[in-house]
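Student: As they're listed, the protein sequences go chains A and B.
Here the first sequence stands for residues 1 to 475, where the numbers follow the numbering used here.
Here the second sequence stands for residues 476 to 690, where the numbers follow the numbering used here.
Hints in this document: simulated from the structure, not taken from any laboratory.
Just so we're clear, the structure is a prediction, and the values are computed from it rather than from any experiment.
Every clue listed holds true.
A few chain A residues that don't get close to chain B, going by computed Cβ distances all over 12 Å:
1. Lys187
2. Leu308
3. Thr380
4. Phe404
5. Asp446
Label pairs and their in silico Cβ distance ranges:
6. Ile256(A) with Thr512(B): 54 to 60 Å
7. Asp577(B) with Phe392(A): 47 to 53 Å
8. Glu685(B) with Ile256(A): 30 to 36 Å
According to the in silico footprint, chain A covers these stretches of chain B (three or more CB under 8 Å from chain A):
9. 525 to 531
10. 559 to 570
Glycine is no exception: its CB is placed at the ideal position from the N, C-alpha and C atoms.
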Amino acid sequence: MSLTKLLLIWPGSPVLSILIWIVVMVVLLYLARTPAHKAIHSLARVIHNGFRLMARSVMLAEQKLVQRNKEVLLNAGTESVERLIEREFHRVDAVVKRDLSGYPTLHRALSDHATKIDEDYRESSETPPAPPAWVGAVEAVANLPSQGDGTVATILTEIHKTTVSQYKTAMDEHRKSVAERHNLLKKMMPYWRRMAQTLEQVGKTITGLHERARVIDNRMTEYEEIREQTDKAARMLTASSLTQFFISGFVLCIAIGGAVINFNLIALPMSEMVGGGSYIGGFKTANVAALVIILVEVAMGIYLMESLRITRLFPIIGQMDDKMRTRMIWITFSILSVLACVEAALAFMRDQIAADMQALRQSLAAVEATGVAINSWIPTVGQMVMGFVLPFALTFVAIPLESFIQSSRTVLGVITTAILRWLAFFLRLLGNVSHYCGELLVNIYDLFIFPPLWVENLIRDKKHPTEIIVEEEVS
Amino acid sequence: MKKYLALILLLLPFLWGCPDTTSHSRGVYMLLDTSGTYKKELKRAEAIINYLLGTLQPGDSMAVARIDSGSFSEKDIVAKMTFDKRPSVANQQKRLFKQKIDDFVQTAKGSAYTDITGGVLQSVEFLNEAGAGQKYILIFSDLKEELVKGQIRNFPIQVDGCNVVALNVTKLRSDNVDPREYYKRVADWRARVEAGGGKWRIVNDLERLENIFEG
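Chain A on its own, in the form it takes in the complex (with noise of 0.2 Å):
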């Protein structure tokens, strides 16, 4: 016996049969209504709660993950501003070294010029000649009444030209002795001049020290601000890594650029040291051998940046002591040389080769090499500059390399967070939807028993009218 022929209550008649067993599921979904909805509720409830808990979960992950952000990235400005500050008071200590050390010897300079001045000034002073004391004597003969005596007449013309006489000498020594204050006043200017200038040198070291000093302070804010943990340095920081992430970034796709030329340079006459044929797990030796030899070049370059303490990937290096510094430096340093002269000598044996396979392509095809080769040193000796330079432009990766894995700390952390942040609001989404959704199949529910539910107001409302009017009157 089929199932179908099971369903069939009402043999001949499907639709009663359909109609039958509609009613028989309506009366029973109504007898297990409020079973039934307890059930939808509870497993609504338990779906809401558990996306309600993740999405809790994922937040306080996310507030942890943008405190630790934080922290890191505080650490980082911290340590960044305190190595600017650092350069800025090397920078003072050397100006006051080179400049200020000789201010005591400037000083007795100064004070050399000054009594030197004095002194000048001093014997340039004008002294008012003294008055003669014959002079009241003469005015006294002058007045006296001549009354037509010659002798007194010839008397006072004598005193007359001697006085004029006198007075001539006396206008001569002043003149003279004017004319040495002069020359006097004329010798202390270049002494002037000098203590102009020392005190212009003075003034402009002053200054410089006023403007790093400036400096320092605005640096001085920036780093009280970062101790502080403000949010205004937090974002600071984070723009400031943004950039540094995207500028390092572009660099370091340059850099890649680079490495790939250099890779093309080297890798064919490789295979004339390694041989062509041979493989290492599915990748030429002479490919594989190439591109060691790229990454031993920037890892000398790391060494070399961090020795110089450029950078501070490995701070084991930076924490060297000085000699031993200087070894690592003139080691790499070799190294990084010897490696320069074999790339080198490989684009010039990659030219060589290349010029064989030409040649043996030409043989082969049958053909006659056309035309004259136009100055075909210039591609031999390009190869052998660009194999010689590209090591130590590869050497400067170091820079934007710890640029970019410090920024891409702070850069993931955001993303992360971002991407958390948005995971939270989906799951509280989904954890509201099944709330609704709850809702929604209890009214479904109700829908398909809506025959008995709306008996049942019937009954209901006979039994309570009243009820249900004071109930419309508060609503």
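Got chain A; can you put chain B on it based on the hints?
Tutor: Structure of chain B alone, referenced to chain A:
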């Protein structure tokens, strides 16, 4: 501990790469039909060989043999060489190979018989001995076998992992009368090769020689 772990991680690709014993080299064995009118086609065959010499890499192997009355013999090999791993030495070897082929084309004599099966069997031996990763048997012939009386060649051939490429399969005068003969000849060879575990291909357009190494 961390240092050792880092060292192991660093060496892992090399340790993983070392056991790779797969041969990446190519082995090419070219059979030249020198029977009857096909001797005139040797200039074309020379062009193909030159193309192959230009394409093959250091470490690859190549051999050229003629098809005559009894080709299952080393005597029929005109030139064979496994190119050195160093490109400069390989280039010298290629020049030498070319010289041998040029001499052969100049002095080749026509053969009355065409033992393609014997040549194929000889080529499988050579390619297996060369240890080539990719094996190619190139048959420069009209694919019509003409055997010496008494020779037995109607048995299945084993060409496992070999790419058998028929080049410049010209239509005979009789094919023009009844083209079904040509198609039957090609189909028979395809069936024999595929039954022997090989791959069959025909390249008649000699302007598209790069198709030889496709697939």
